[in-house]
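Trainee: These are the residues of each chain, in order.
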Amino acid sequence: MRKYIIKRLLLAVVIFFFVMLITYTLMRCLPTSYIEQVARQKSQLPGSKSYDEWMAQLRAMYKMDRGIIAGYFGWLVDFFSGNFGDSWNFTIPVIEEFNKTVWISFWMGLITMFFELIIAIPLGIIAATKQYTKTDYTISILALAFISLPTFFFIALLKLVFSVKLGWFDLFGLIGRNHEQLSALGKFFDKVHHLVLPIVTLVIISIGGLMRYTRTNMLEVLNADYIRTARAKGLSERKVIYHHAFRNTLIPLVTIVGGSLPGLFSGALFTETMFSIDGIGYASYQAMIVGDIPFSMFYLAFISILTLIGNLISDILYAVVDPRVRLA
Amino acid sequence: MSENEKKDKAPVKEEQQYSLNDDRRVKVLSPGAMVAKRFFRNRIAVVGLVILAFMFLFSFLGGLISPYGEDQLFYRTDLMKKEYAGAVLNVDFRYSAAEGQKMSSAVQAMAVLAIQKGETAFEYGGVDYQVIKEGEDFYRIALADGTTVAVTYKDVIRSSIEGQELSFDLIYNALKAYVGGGKTFSVDGKVYTIGDDGVVFENDTEIAYISRYALNAVSPDVFLTRSFRDQLIEAIENGQEDFTFVNENGEAQDFSVEYKPDVKNWVIYRKQASRVYDMYSFPSKEHWLGTDRYGMDMLTRLMYGGRVSLIIGFIVEAISTLLGVIMGGLAGYFGKWVDNLIMRIVDIFYCIPSMPILIIIGAAMDAMNMDPKLRMIYLMLILGFLGWPGMARLIRGQILSLREQEFMTATEAGGISVYRRIFKHLVPNVIPQIIVSVTMGVGGTIITEASLSFLGLGVRFPFASWGNIINDVNRTFVLESYWFIWIPAGVLLLLTVLAFNLVGDGLRDAFDPKMKR
Numbered sequence: 001m002r003k004y005i006i007k008r009l010l011l012a013v014v015i016f017f018f019v020m021l022i023t024y025t026l027m028r029c030l031p032t033s034y035i036e037q038v039a040r041q042k043s044q045l046p047g048s049k050s051y052d053e054w055m056a057q058l059r060a061m062y063k064m065d066r067g068i069i070a071g072y073f074g075w076l077v078d079f080f081s082g083n084f085g086d087s088w089n090f091t092i093p094v095i096e097e098f099n100k101t102v103w104i105s106f107w108m109g110l111i112t113m114f115f116e117l118i119i120a121i122p123l124g125i126i127a128a129t130k131q132y133t134k135t136d137y138t139i140s141i142l143a144l145a146f147i148s149l150p151t152f153f154f155i156a157l158l159k160l161v162f163s164v165k166l167g168w169f170d171l172f173g174l175i176g177r178n179h180e181q182l183s184a185l186g187k188f189f190d191k192v193h194h195l196v197l198p199i200v201t202l203v204i205i206s207i208g209g210l211m212r213y214t215r216t217n218m219l220e221v222l223n224a225d226y227i228r229t230a231r232a233k234g235l236s237e238r239k240v241i242y243h244h245a246f247r248n249t250l251i252p253l254v255t256i257v258g259g260s261l262p263g264l265f266s267g268a269l270f271t272e273t274m275f276s277i278d279g280i281g282y283a284s285y286q287a288m289i290v291g292d293i294p295f296s297m298f299y300l301a302f303i304s305i306l307t308l309i310g311n312l313i314s315d316i317l318y319a320v321v322d323p324r325v326r327l328a
Numbered sequence: 001m002s003e004n005e006k007k008d009k010a011p012v013k014e015e016q017q018y019s020l021n022d023d024r025r026v027k028v029l030s031p032g033a034m035v036a037k038r039f040f041r042n043r044i045a046v047v048g049l050v051i052l053a054f055m056f057l058f059s060f061l062g063g064l065i066s067p068y069g070e071d072q073l074f075y076r077t078d079l080m081k082k083e084y085a086g087a088v089l090n091v092d093f094r095y096s097a098a099e100g101q102k103m104s105s106a107v108q109a110m111a112v113l114a115i116q117k118g119e120t121a122f123e124y125g126g127v128d129y130q131v132i133k134e135g136e137d138f139y140r141i142a143l144a145d146g147t148t149v150a151v152t153y154k155d156v157i158r159s160s161i162e163g164q165e166l167s168f169d170l171i172y173n174a175l176k177a178y179v180g181g182g183k184t185f186s187v188d189g190k191v192y193t194i195g196d197d198g199v200v201f202e203n204d205t206e207i208a209y210i211s212r213y214a215l216n217a218v219s220p221d222v223f224l225t226r227s228f229r230d231q232l233i234e235a236i237e238n239g240q241e242d243f244t245f246v247n248e249n250g251e252a253q254d255f256s257v258e259y260k261p262d263v264k265n266w267v268i269y270r271k272q273a274s275r276v277y278d279m280y281s282f283p284s285k286e287h288w289l290g291t292d293r294y295g296m297d298m299l300t301r302l303m304y305g306g307r308v309s310l311i312i313g314f315i316v317e318a319i320s321t322l323l324g325v326i327m328g329g330l331a332g333y334f335g336k337w338v339d340n341l342i343m344r345i346v347d348i349f350y351c352i353p354s355m356p357i358l359i360i361i362g363a364a365m366d367a368m369n370m371d372p373k374l375r376m377i378y379l380m381l382i383l384g385f386l387g388w389p390g391m392a393r394l395i396r397g398q399i400l401s402l403r404e405q406e407f408m409t410a411t412e413a414g415g416i417s418v419y420r421r422i423f424k425h426l427v428p429n430v431i432p433q434i435i436v437s438v439t440m441g442v443g444g445t446i447i448t449e450a451s452l453s454f455l456g457l458g459v460r461f462p463f464a465s466w467g468n469i470i471n472d473v474n475r476t477f478v479l480e481s482y483w484f485i486w487i488p489a490g491v492l493l494l495l496t497v498l499a500f501n502l503v504g505d506g507l508r509d510a511f512d513p514k515m516k517r
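First to last, the protein sequences are chains A and B. So the first sequence is numbered by our numbering: it starts at 1 and just counts up by one. So the second sequence is numbered by our numbering: it starts at 1 and just counts up by one.
Incorrect hints may appear among the rest.
[To be verified] Derived DMTMM-like pairs: lysine to aspartate or glutamate, alpha-carbon spacing no greater than 20 Å straight-line:
| hint | chain 1 | residue 1 | chain 2 | residue 2 |
| --- | --- | --- | --- | --- |
| 1 | B | Lys-271 | B | Glu-251 |
| 2 | B | Lys-82 | B | Glu-241 |
| 3 | A | Lys-165 | B | Glu-480 |
| 4 | A | Lys-7 | B | Asp-339 |
| 5 | B | Lys-264 | B | Glu-83 |
| 6 | A | Lys-130 | B | Asp-509 |
| 7 | B | Lys-133 | B | Asp-92 |
| 8 | A | Lys-7 | B | Asp-347 |
| 9 | A | Lys-134 | B | Asp-509 |
| 10 | A | Lys-165 | B | Asp-472 |
| 11 | B | Lys-264 | B | Asp-242 |
[Stated by the list, open to error] To spell it out: a stretch of chain B is covered by chain A in this simulated footprint if at least three of its residues, at any positions, have a beta carbon under 8 Å from a beta carbon of chain A; those stretches are:
| hint | segment |
| --- | --- |
| 12 | 334-348 |
| 13 | 351-359 |
Since the hints were derived computationally from the structure, they do not count as laboratory data. Please read all numbers here as calculations on a predicted model, not as lab measurements. Glycine is no exception: its CB is placed at the ideal position from the N, C-alpha and C atoms.
Extracted from the complex, chain A is given alone in its bound form (with noise of 0.2 Å):
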């Protein structure tokens, strides 16, 4: 076991070392322009170096001078040394604005997970139990509509619907407009009432699939030998479905969940731009648009260690929830 994960944990280095390099790459073949823009104001200061001084002498600050490669290591010994930068677009460092809107983005996922969880778990498991009922279809079709819903069209949906026509929220942000003359019991239902939408928007977005999951699951259990043989002993089918089947279905759910754990912190890119939250994602949004390299690589390296690990997890959690896994 510990020999396994020891392999995986340095797969999982070599893996985020490519990954980061194709990301660098990319990020440096973009057209810089915010250095430019930056050399080209200091350098209309009175008294101050050419532009193509200041030029050179950013382009040392922001490693851009030297090769991909070596600019490549450079940032990657930065990174592990915990020198994220300052971020261009927010001109502050990196990991002041992601310490500001992570936190959001992370209770958002949480919440959402909750009520995905209660919701989909137990609707997947009744579209099982009837399968090929009118219940069946029912549950299946709306998954399968769920997954199809474009995230942005559903959100002006909701917009249209609840903020517009029926006036029961606001349309952006996170908190209203008299939030600094509320209490603090007022200001924290005040954030609630605002998370409203977008919580519901992600709730709706993300269950489909776990649903599926759960009937698919589910109807395999369902079928194996010794769920027949519980039938056959005679156990009520409450029984049959709710000890014996279910605790079996929990098996590939943990590994889906414990795996989709670290995501709780990556951040909902659409739902936070359009409802304008200022969590991780909106932040990134901006900081991509714009071209931020700083914010955008500690993201992205971000958004890359959450997936390891999620993986890591979930093939971890595989192996100790079912003892019929034993790793070599």
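Following the hints, put chain B in place on chain A, whose structure we already have.
Mentor: Just chain B now, with coordinates in the frame of chain A:
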């Protein structure tokens, strides 16, 4: 019994004559027909197929049938109301100072006070003034010694000749005669006559006119002619809201009059027709779904947008399937280090955050001002290149299990070349999985493309795409009032992706030989 019916019955009888174990009694279906039969028995999948058929007809035939082009702009003539003049019914006293005299505003205020109190004299700044009533709402202010300082009146007298000022004596005498109901008066030896409607003539030439309405043009270089004034005052008195004025050149001009009760004046607007883009026009006979923000027919845009979305979906899937099948096939067949290498590459690609990368590339293409057509091609290549690892993993897994089966040992024993073994014997066995994966993949690609286009980083104007059509919803007024701009595109997008998923699901079940129903 007619002959036709006899013929119909004949084969039935024949069938009954077969013995029980006769092969002809059993209808043999090819595997393909079995799959088709199972597929068509699945009603939901058929619904998906019908939706897809509709989308293809809509997108590919629709563009041909539609009378409009993809980026054809429409115009409409808009009546622009431009403020032209203002009119006020004069209720205040106006002043004209005599030549060489001054009438300060303080003195004016004192004079009004005196008039309102009915006094005939007042004092200001140590000077005594007397107020002499000359007629209805017409007073002369004079010093104690009788020198006229000014006249004050409510009827407004204006010169009829452009650029010519009226002298004080003329004003004084004309008003005096007008208020007193007189028809003629004389100033400096010249004789003037006053018509019924307040027009002042000098030898039959109109030089001025008197009226209770004060009219002013908004723009200082416009001179309001008398005929215009007459018509305007008539319109105001009759409570008309619109009138047409024919000017001296014979041109008809449309005006509208609006009364502003809060400031008690009339504003006269000149209506001018101008050609503008027919933006955001509501659904009508010409434009069934209205027009978009550029003034293009929405329905036609949707058709071309569907074409773009579907073409991109298929091309991207073709690229990633081709790459995936080759890489997955090689990895699965050769195993060992080839498999290891390819699967590590797959791992790397799996880990690349594709949406952020696409956004960054999109922003970079924006910065380079790339040609929209070239941009679309790059988009397809990039999406295809990012999509192959999933397919490779699927193919590899399938091939790993197929490789161990007897028929593969047979091909090896038969000395068939490696190339043929992979692509003629292994890959065809994986085709069901490929078809299912491609069908669902097209749906996914369409969503990705639409998302990028929605952010303005995918397909760009002048090309239509369902995503960039919905993009307009980012303007709050479109979200609130112009449903026809974004809801149809969103519904089409949702239906198409859903249909691809339904068909993919149906195919998966149909291909599955273990399926019971």
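Trainee: Quick one: which hint numbers does this structure break? Sort them smallest to largest.
Mentor: none
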